[in-house]
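Respectively, the protein sequence lines represent chains A and B.
Residue numbering for the first sequence follows the working numbering, beginning at 22 and increasing consecutively.
Residue numbering for the second sequence follows the working numbering, beginning at 4 and increasing consecutively.
No lab work stands behind these hints: they were computed from the structure.
Every value quoted in this text rests on a predicted model; they were computed, and no experiment measured them.
There could be a bad hint or two in this list.
Residues from chain A that face chain B, not an exhaustive set, calculated with beta carbons under 8 Å [stated by the list, open to error]:
| # | residue |
| --- | --- |
| 1 | 23 |
| 2 | 51 |
| 3 | 61 |
| 4 | 62 |
| 5 | 63 |
| 6 | 64 |
| 7 | 111 |
| 8 | 127 |
| 9 | 129 |
| 10 | 131 |
| 11 | 132 |
The list that follows gives simulated cross-link-like pairs (lysine-lysine, DSSO-like), each with its CA atoms no further than 27 Å apart [stated by the list, open to error]:
| # | chain 1 | residue 1 | chain 2 | residue 2 |
| --- | --- | --- | --- | --- |
| 12 | A | 78 | A | 92 |
| 13 | A | 78 | B | 45 |
| 14 | B | 59 | B | 74 |
| 15 | A | 38 | A | 78 |
| 16 | A | 39 | A | 78 |
| 17 | B | 109 | B | 59 |
| 18 | B | 109 | B | 45 |
| 19 | A | 39 | A | 86 |
| 20 | B | 109 | A | 86 |
| 21 | A | 78 | A | 90 |
| 22 | B | 45 | A | 86 |
| 23 | B | 71 | B | 45 |
| 24 | B | 59 | A | 78 |
| 25 | A | 39 | A | 90 |
| 26 | B | 45 | A | 92 |
| 27 | B | 71 | B | 109 |
| 28 | A | 39 | B | 45 |
| 29 | A | 86 | A | 38 |
Sample of chain A residues at the chain B side, in silico, Cβ under 10 Å [what the hints assert, rightly or not]:
| # | residue |
| --- | --- |
| 30 | 58 |
| 31 | 92 |
| 32 | 137 |
The beta carbon of each residue, even a glycine, is placed where N, CA and C say it ideally should be.
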Amino acid sequence: EAQVTQNPRYLITVTGKKLTVTCSQNMNHEYMSWYRQDPGLGLRQIYYSMNVEVTDKGDVPEGYKVSRKEKRNFPLILESPSPNQTSLYFCASSLKGQGAPADTEAFFGQGTRLTVV
Amino acid sequence: GESVGLHLPTLSVQEGDNSIINCAYSNSASDYFIWYKQESGKGPQFIIDIRSNMDKRQGQRVTVLLNKTVKHLSLQIAATQPGDSAVYFCAELDSGGGADGLTFGKGTHLIIQP
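The task is simple: from the sequences and hints, build the whole structure.
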């Protein structure tokens with residue numbers, strides 16, 4: 022089954038304690054991205070990756086890091102989490118064909134609800 | 004900055020009626036639009052897309068209309084069913100722009116009345 026898998030689904034942590042949210046896709050997609058979803062603000066892109074070893078900032082990258090060492094994995098790293106990073110996080114992947122927009126038929130993971138206290 | 008938004012945060016319709024969810028966008032360079040459906044506790048799901056060289060596209064029970072003159076996008080759902088209850092997001096993309104990602108609207112919660 023084609024899917025995007027995020028882990029963990031729920032996480033409560035303390036300010037300053039480094040954490041990683043993993044994301045894996047089994048569709049051989051080139052394009053992967055991370056979004057955060059906050060009430061009244063919709064989905065905002067944090068980082069995206071066009072392919073292995075190619076990453077770039079989205080609209081709200083501050084406080085986050087990513088890596089793309091393999092095509093299937095795109096972890097989101099919070100080196101020193103703060104309470105304003107409490108949010109619902111979604112990883113997405115899509116196949117960027119020639120001439121196609123990057124997020125064509127993006128597949129989203131189930132989400133990771135992060136609380137930073 | 005540029006933004007994509009929805010006119011109503013909540014839309015309540017009777018089961019069996021048609022639903023129309025509206026979206027206004029402000030980036031005139033946007034050339035690709037997508038509607039996503041997000042059910043409670045799940046990630047967004049692609050519903051239908053439309054490119055700026057079209058003004059209408061139909062899927063199964065859904066139709067997307069694009070009016071570039073007034074920068075307006077709508078999603079029509081025919082014969083609304085309980086399973087249509089969800090939050091619907093419009094998203095836009097300027098495929099020639101530097102940022103290679105979608106800009107999402109804030110979402111409209113569609114509630115189905117029995």
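Each hint, compared with the structure:
With a least beta-carbon distance of about 12 Å to chain B, the hint placing residue 23(A) at the interface is violated under the 8 Å criterion. For residue 51(A), the shortest C-beta to C-beta distance to chain B is roughly 11 Å, which exceeds 8 Å, and the interface hint is violated. Checking residue 61(A) against chain B by beta carbon gives a least distance of about 6 Å; that is within 8 Å, so the hint holds. Satisfaction of the interface hint for residue 62(A) is found here, the shortest Cβ-Cβ separation to chain B being roughly 7 Å, below the 8 Å cut-off.
Interface restraint check for residue 63(A): the shortest CB-CB distance to chain B comes to about 4 Å, inside 8 Å, so the restraint holds. Taken as an interface hint, residue 64(A) checks out: its beta carbon lies about 4 Å from the nearest beta carbon of chain B, inside 8 Å. Taking 8 Å as the C-beta contact cut-off toward chain B, the hint placing residue 111(A) at the interface holds, the least distance being around 5 Å. The interface hint given for residue 127(A) holds, since its Cβ lies 7 Å from the closest Cβ of chain B, which is under the 8 Å cut-off.
Annotation: interface hint on residue 129(A) holds; nearest CB of chain B at approximately 3 Å, less than 8 Å. The restraint placing residue 131(A) at the interface with chain B holds, with a minimum CB-CB distance near 5 Å, inside the 8 Å limit. At about 5 Å, the closest approach between the beta carbon of residue 132(A) and any beta carbon in chain B falls short of 8 Å, and the interface hint on this residue holds. Restraint check for residue 78(A) and residue 92(A): the C-alpha separation of about 18 Å stays at or below 27 Å, so the hint holds.
Taking the CA atoms of residue 78(A) and residue 45(B), the gap is near 25 Å; set against the 27 Å cutoff, the hint holds. For the proposed pair residue 59(B) and residue 74(B), the alpha carbon gap of about 14 Å is at most 27 Å, so the pair holds. Proximity of residue 38(A) to residue 78(A) is assessed by CA-CA distance (about 23 Å); at most 27 Å being required, the pair is judged to hold. Only pairs whose Cα atoms come within 27 Å are accepted, and residue 39(A) paired with residue 78(A) is accepted, the gap being roughly 20 Å.
Taken as a hint, the residue 109(B) and residue 59(B) pair is honoured in the structure, with Cα atoms around 23 Å apart against an allowance of 27 Å. Under the criterion of a C-alpha separation no larger than 27 Å, the hint pairing residue 109(B) with residue 45(B) is consistent with the structure, at around 16 Å. Only pairs whose Cα atoms come within 27 Å are accepted, and residue 39(A) paired with residue 86(A) is accepted, the gap being roughly 11 Å. Annotation: proposed proximity of residue 109(B) to residue 86(A) holds, straight-line Cα distance about 25 Å (limit 27 Å).
For the suggested pair residue 78(A) and residue 90(A), the alpha carbons sit about 17 Å apart, so the restraint of at most 27 Å is met. The suggested pairing of residue 45(B) with residue 86(A) holds, with an alpha-carbon distance near 24 Å, which does not exceed 27 Å. As the CA atoms of residue 71(B) and residue 45(B) are separated by approximately 31 Å, the hinted pair breaks the 27 Å bound. The straight-line distance between the Cα atoms of residue 59(B) and residue 78(A) is roughly 33 Å, outside the 27 Å bound, and the hint therefore fails.
A hinted pair counts as satisfied when its Cα atoms are at most 27 Å apart, and residue 39(A) with residue 90(A) qualifies at roughly 20 Å. For the given pair, residue 45(B) sits about 24 Å from residue 92(A) by alpha-carbon distance, which is consistent with the 27 Å threshold. For the hint pairing residue 71(B) with residue 109(B), the CA-to-CA distance comes to about 20 Å; that is within 27 Å, so the pair holds. For the given pair, residue 39(A) sits about 26 Å from residue 45(B) by alpha-carbon distance, which is consistent with the 27 Å threshold.
Restraint check for residue 86(A) and residue 38(A): satisfied, since their Cα atoms lie roughly 14 Å apart, inside the 27 Å limit. Here the hint on residue 58(A) is kept, as its CB sits about 9 Å from the closest CB of chain B, short of 10 Å. Interface hint at residue 92(A): violated, since its Cβ lies 17 Å from the closest Cβ of chain B, which is beyond the 10 Å cut-off. Hint status for residue 137(A) relative to chain B: violated, with the closest Cβ pair at about 21 Å, above 10 Å.
Violated hints, in rising order: 1, 2, 23, 24, 31 and 32; the structure is consistent with all others.
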